[in-house]
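K.L.:
Given next are the chains, with one letter for each unit.
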Amino acid sequence: MQTYKAPLNDMKFILRDFINSESNSLLKNSDIDLSDLEMILEEASKLCEEKLLPLNQSGDEEGCKYENGNVNTPKGFKEIYREFVDNGWQGLTVNKKYGGQELPYFMNMFLDEMISSSNMSFGLYPGLTSNAIDAIEKSASDEIKDLYLPKLASGEWSGTMNLTEPHCGTDLGLTKTIANPQNDGSYKLSGTKIFITCGEHDMSKNIIHLVLAKTPNCPKGIKGISLFVVPKIIPKKDGSLGERNNLECGSIEKKMGINASPTCVMHYNEATGWLVGDLHKGMKAMFIMMNGARLMVGVQGLGIAEIAYQSALNYAKERLQGRSLKGSKNLDKDADPILVHPEIRKSLLKIKTLTEGLRGLMLWTGLQVDIAKKEKDKFKKQNADDWVSLMTPILKSFATDVGCEASNLAVQIYGGHGYIKDHGIEQLVRDSRITPIYEGTNGIQALDLVGRKMPLHTGRLLKAFFHLVKEYIEKNSFNYNLKDFMPSLTKSFNRLQQVTAYIASTGLKDPDEASGPASDYLKMFALVATAYVWTRYAEIAFNKLNNDPNGFYLAKINSGKYFMTKILPETGSIMSSILSGAKTYNDFEDSHFDSAFKL
Amino acid sequence: MKILVAVKRVVDYNVQVRVKPDGTGVETENVKMSMNPPDENAVEEALRIKESGKATEIIAVSIGESKCQETIRTALAMGADRGLHIEVEGIIEPLAVAKILKKIVEKENPGLVLLGKQAIDDDCNQTGQMLSAMLAWSQGAFVSKIEFSGENIQVTREVDEGLEILDLKLPSIVTCDLRLNEPRYASLPNIMKAKKKPLDSLSLKDLNVDITPRIQQIKVEEPPKRQKGIMVSSVEELLQKLKNEAKVI
Ligand SMILES: Cc1cc2nc3c(=O)[nH]c(=O)nc-3n(C[C@H](O)[C@H](O)[C@H](O)COP(=O)(O)OP(=O)(O)OC[C@H]3O[C@@H](n4cnc5c(N)ncnc54)[C@H](O)[C@@H]3O)c2cc1C
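Going down the list, the protein sequences come from chains R and D. In case it helps, the numbering used here puts the first sequence at residues 140 to 738. In case it helps, the numbering used here puts the second sequence at residues -5 to 243.
No lab work stands behind these hints, which were simulated from the structure alone. Here the structure is a predicted model, which is why all the values come from computation and not from measurement. Positions of the beta carbon are idealized from the N, C-alpha and C atoms, including for glycine. Careful, some of the hints might be misleading.
Unchecked claim - Label-pair restraints from in silico Cβ distances: (1) Glu21(D) - Leu595(R): 49 to 59 Å; (2) Lys519(R) - Pro183(D): 28 to 38 Å; (3) Glu282(R) - Asn103(D): 47 to 57 Å; (4) Phe691(R) - Lys14(D): 13 to 23 Å; (5) Lys14(D) - Gln460(R): 49 to 59 Å.
What the hints assert, rightly or not - Once the Cα atoms are required to be at most 16 Å apart in a straight line, the calculated EDC-like pairs of lysine to aspartate or glutamate come out as: (6) Lys189(D) - Asp172(R); (7) Lys190(D) - Asp170(R); (8) Lys630(R) - Asp649(R); (9) Lys376(R) - Glu282(R); (10) Lys189(D) - Glu177(R).
Full structure from sequences and hints, please.
P.N.:
Structure follows, in structure tokens:
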């Protein structure tokens, strides 16, 4: 059975103990304090556990239905969407000017994690609206902001992002959708977009599409792209609904997972739109938005990993099979719970330690987003911004891989009962599988890390991470409490530095040598960053052991030990793989790929 | 009309309650605490009455340790207008609670007092009834429906024979059943507004009530563990066991 209680203990630990000193100074001059943040988490958790979770399996089963250009969402979704937006959740971080609550960005990460755990498909509706809000808020004219943002922040209207076309996914330079300028300053857009999440549905009164398109005679490739806001129904100046725009949903995809969210083919046929940001600067506007969106996809991975963990743990305690080899633990029953078996314990601890470690890294990064926005000190602002730029591809990629791995492990723990549909565990595998693909595939994230973020400003971004960890190691290498942590952190950190230097130097001579191991490098980076988080967790936890009635802090320390000894050593094998170069695959003869079956 | 709603802080209904090792009570330290569930129904009903224009102000009152202010804040986040906290340490019996509430009622003059039908920690089911007796006000207990008609309210309550409908003259005391309504979730804007709403704290001294316990609690212990069941092979064997071993027939 899909089992989920929001991990409030862990979330509060992150708030109170892990990011507290920085978040306190961030909130110092606001009217928000820790107790508000905790109350928000509590209330959000109720909505997720009691309303969203019960619709997760039924929504998957029923799916969305397409009929004559309209899309009907599964039973109950409309009502819960109403409740969600009526309770103001869409406006969590939105500027007060537009009706939001202007809470810190990192709070959105907690909220989105809970939503993704309890109903990832549902989360896409408000999630895409958040992306649209972000893009408009950061790049559009005041006129567009004033017209669209209040309605989007209240959830009365929803939003979408239209990038992908049939022949153009990763390579957006191939975009064909055309935008013809009109005399009144608007544009007429024509073209077909595919895979548009929530492109059409019955939950909101209007749908606001943000569309990438090219203008006639624009510069070639990516440099010619502009971003447009194209409403399904054209709003009048006062925000009331006017005429229906010339666009429609042609069909929705049958797909592997997230079945309660429609993936739409959108036809634009001289649809009216308005420019967002500068002409031909669409990619810039898109990227400002995309960084946040990528982190949020990472959060989806985290959310799926959490529900996979809780569901699997619950089952492992209940399912009776076999006996513990050390002697029976359950004499009055015919068998022991499978939790006694080492393989099951290892799988559970793998998910637990990856998830909790990533949660800290994610929230720390979310906090840096806030600091980069609010901080006055130029140096600190830049440092926070550098951290976010560096960590975004790492978190998007690694957290979504962890989500997929966790849901697969959960199926394994359920055995055959995970593979059949009843328990809803195979759904987690299907739902999570999109996360390494959309919002820039994980392969592309790795290239972003190695090809863009690493060399940027001659390595300045890397310093945001390397300096922090180096200083931490220097300060704590003789901390007796951390004797089970510091040596392995130091070792893996040295490996990462060595591999970084290797990639930077060989990449200069041969770019394929840098891009080849990009995803391996990204994983290694993520593991070391997570190890740093676990070491800090342990440091905090040791100081709290004298008041630990529920064993939370002791569990943290022991989980950390598992991570450092069982997960982190993978950095060793990744290092040897990377250092052995990229020739074995880059120079592999193309014709040899089909050697096993070529006639 | 003002509505006074009494809200109690109790161990959350999801928590598996543990008896303290020394048998003096149940563990409440480091345990998740929440608003008593039927009290949520009381708050919800008060909000609905106010939204229908029949009440002007909702006051949430809680009696107990300082952390009760969190429970009051939950009520404020749901939409109550202001809070009143009466700080008392230790166990407070229903009679004491009723006496304190009586003083509050005399101060605030509400037209309606809403309470939960009972608290899930001690399950006493007494406070509302005692309060009504002390004030000599009408009462409706275990109420699953409230309707206004003129100066009166009609309440539907569950009794052994089925449903009973009473016509109560206001002011009145109503204790709420879980069936009364579905409590709302606090909205984000209301959560943010909650702490700006007034929350006054009073001490027992301010109220001058005697809360000396009338009951002495001797010991708290876990109910005996259920014995493992046995399979019987026939009805005869069952009868024989019920007669000779269990000695119940
Ligand atoms: C359910 C779902 C929802 C979606 N929602 C949206 C949405 O709301 N809006 C939207 O615009 N799009 C959306 N997409 C599209 C999604 O973002 C794209 O599928 C994704 O960007 C990949 O593009 P593609 O499918 O064309 O794959 P391709 O670009 O063809 O890539 C195929 C493979 O090649 C790799 N590859 C491609 N180029 C390179 C390169 N230069 N270097 C190295 N490797 C490369 C990729 O990593 C991938 O593994 C959605 C897709 C799905 C399935």
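K.L.:
Hint by hint, say whether it matches the structure.
P.N.:
Against the structure, the hints:
no. : hint                              : in the structure
1   : Glu21(D) - Leu595(R): 49 to 59 Å  : holds, 54 Å
2   : Lys519(R) - Pro183(D): 28 to 38 Å : holds, 31 Å
3   : Glu282(R) - Asn103(D): 47 to 57 Å : holds, 53 Å
4   : Phe691(R) - Lys14(D): 13 to 23 Å  : holds, 20 Å
5   : Lys14(D) - Gln460(R): 49 to 59 Å  : violated, 36 Å
6   : Lys189(D) - Asp172(R)             : holds, 10 Å
7   : Lys190(D) - Asp170(R)             : holds, 10 Å
8   : Lys630(R) - Asp649(R)             : violated, 28 Å
9   : Lys376(R) - Glu282(R)             : holds, 9 Å
10  : Lys189(D) - Glu177(R)             : holds, 13 Å
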